[in-house]
Amino acid sequence: MRVDQAGPSGPPVTRRVVLVGGLGVVAATAAGALVGIAEDRATGSAQAPAELVAARDGERALIASIDASMAHDATMRTHLTPIKADHVAHLAALEAAIGAYPAPAATPAAARGARLDRAGLRAAERAAAAQGARRAAVLTGRNATLLASIAACEASHAELLT
Amino acid sequence: MTPAPTPWQAAWQSALAAEQQAVFGYALLGPRLTASADVSRARACQDAHQQLQEATSAALVRAHLQPVAPLADYPSLYPVPDAHAARRLAVRLESDAANAWRYLYTRAAAVRPARPDLAAQRAAIRTLAQQALSACAVRAVQWRGTPVPFPGI
Numbered sequence: 001m002r003v004d005q006a007g008p009s010g011p012p013v014t015r016r017v018v019l020v021g022g023l024g025v026v027a028a029t030a031a032g033a034l035v036g037i038a039e040d041r042a043t044g045s046a047q048a049p050a051e052l053v054a055a056r057d058g059e060r061a062l063i064a065s066i067d068a069s070m071a072h073d074a075t076m077r078t079h080l081t082p083i084k085a086d087h088v089a090h091l092a093a094l095e096a097a098i099g100a101y102p103a104p105a106a107t108p109a110a111a112r113g114a115r116l117d118r119a120g121l122r123a124a125e126r127a128a129a130a131q132g133a134r135r136a137a138v139l140t141g142r143n144a145t146l147l148a149s150i151a152a153c154e155a156s157h158a159e160l161l162t
Numbered sequence: 163m164t165p166a167p168t169p170w171q172a173a174w175q176s177a178l179a180a181e182q183q184a185v186f187g188y189a190l191l192g193p194r195l196t197a198s199a200d201v202s203r204a205r206a207c208q209d210a211h212q213q214l215q216e217a218t219s220a221a222l223v224r225a226h227l228q229p230v231a232p233l234a235d236y237p238s239l240y241p242v243p244d245a246h247a248a249r250r251l252a253v254r255l256e257s258d259a260a261n262a263w264r265y266l267y268t269r270a271a272a273v274r275p276a277r278p279d280l281a282a283q284r285a286a287i288r289t290l291a292q293q294a295l296s297a298c299a300v301r302a303v304q305w306r307g308t309p310v311p312f313p314g315i
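Residue numbers (the working numbering), protein chains in the order written: chain F, 1 to 162; chain S, 163 to 315.
Some hints could be false.
[Stated by the list, open to error] Cross-link-like lysine to any residue pairs, in silico, SDA-like; alpha carbons within 25 angstroms at most:
no.: 1; chain 1: F; residue 1: 84; chain 2: S; residue 2: 307
no.: 2; chain 1: F; residue 1: 84; chain 2: S; residue 2: 306
no.: 3; chain 1: F; residue 1: 84; chain 2: S; residue 2: 257
no.: 4; chain 1: F; residue 1: 84; chain 2: S; residue 2: 315
[Stated by the list, open to error] Which stretches of chain F does chain S cover? Using the computed rule of at least three CB atoms under 8 angstroms from a CB of chain S, they are:
no.: 5; segment: 50 to 59
no.: 6; segment: 69 to 76
no.: 7; segment: 147 to 154
If you're looking for bench data, these hints aren't it; they were derived computationally from the structure.
For every residue, glycine included, the Cβ atom is placed at its ideal position computed from N, Cα and C.
My request is simple: use the sequences and hints to build the entire structure.
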């Protein structure tokens, strides 16, 4: 990631980012996480970006909806089990990304999901994919990539529910 | 002497190379498919990759970069003895392309350039990479039937 900045046409970077990035390379094991934070610290934040927190809250709400939709419906349960597993993995990855910031992010109250039919879930996945891509676009580094990949997964969920 | 490509420029070329491989790969696997639904799906996938390949080449040219040429052959894609192998290859082509677009996304998202023109270029590349990554994930799930949580990662 740092090499990019050193390129001939690379943009100017602040000394601080370079220093923190360099430290990340030294502490090779933690380099990835550290670089991700360094980019946001360059903008003066010790707190997880709002987009990341909003993405986590969105995942929670979607999981609650899936839970409500698969209860009492064996067919839906079959279709939704792999989809729910993906969302659980997304939530864990987002929690980990948020947890890498020093300042704790507020945890929302447990979401109560609305029961949706197949078309409703498809629309919810499609909306989540579009919103995730928009949120990813304003982030940098690993956070951006994480949200971009999750958005792609949600687009594939919408396809599965077609 | 032309300057060495920056990592994101190299990643852009890799995305083009993955699209070229996909176009070649679908042409290779298409004749092995037996179910008519699979045949038409393969054709639609090949068209989509062909369009993306052409659009990516054109975008590279507009950015004053020389697009990489497609390879004459892709030995790692062989053999494709039957329909089962053909469907598996389709999944692999989509997965390889997803990886390449995700990598380009990561490179373009590594920093926010201070120069407005560079920032706009990176933003445009990210939009394109996101669309391509999502499209690969959608096509992969059509072939595989099951999703993966983090396409391209």
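Hints, one by one, checked against the model:
1. This hinted pair checks out: residue 84 of chain F and residue 307 of chain S have alpha carbons roughly 15 angstroms apart, not beyond 25 angstroms.
2. The suggested pairing of residue 84 of chain F with residue 306 of chain S holds, with an alpha-carbon distance near 17 angstroms, which does not exceed 25 angstroms.
3. About 21 angstroms separates the Cα atoms of residue 84 of chain F and residue 257 of chain S, which keeps this hinted pair within 25 angstroms; it holds.
4. The suggested pairing of residue 84 of chain F with residue 315 of chain S holds, with an alpha-carbon distance near 19 angstroms, which does not exceed 25 angstroms.
5. Figure legend: the segment 50 to 59 of chain F, annotated as covered by chain S; annotation inconsistent (0 residues with Cβ-Cβ distances under 8 angstroms, at least 3 required).
6. A stretch counts as covered by a chain when three or more of its residues have a beta carbon under 8 angstroms from one of that chain; for the segment 69 to 76 of chain F and chain S the count is 0, and the coverage is violated.
7. Counting residues of the segment 147 to 154 of chain F whose beta-carbon sits less than 8 angstroms from any beta-carbon of chain S gives 6, enough to reach three: the coverage restraint holds.
Hints 5, 6, counting from the list given before, are not met by this structure.
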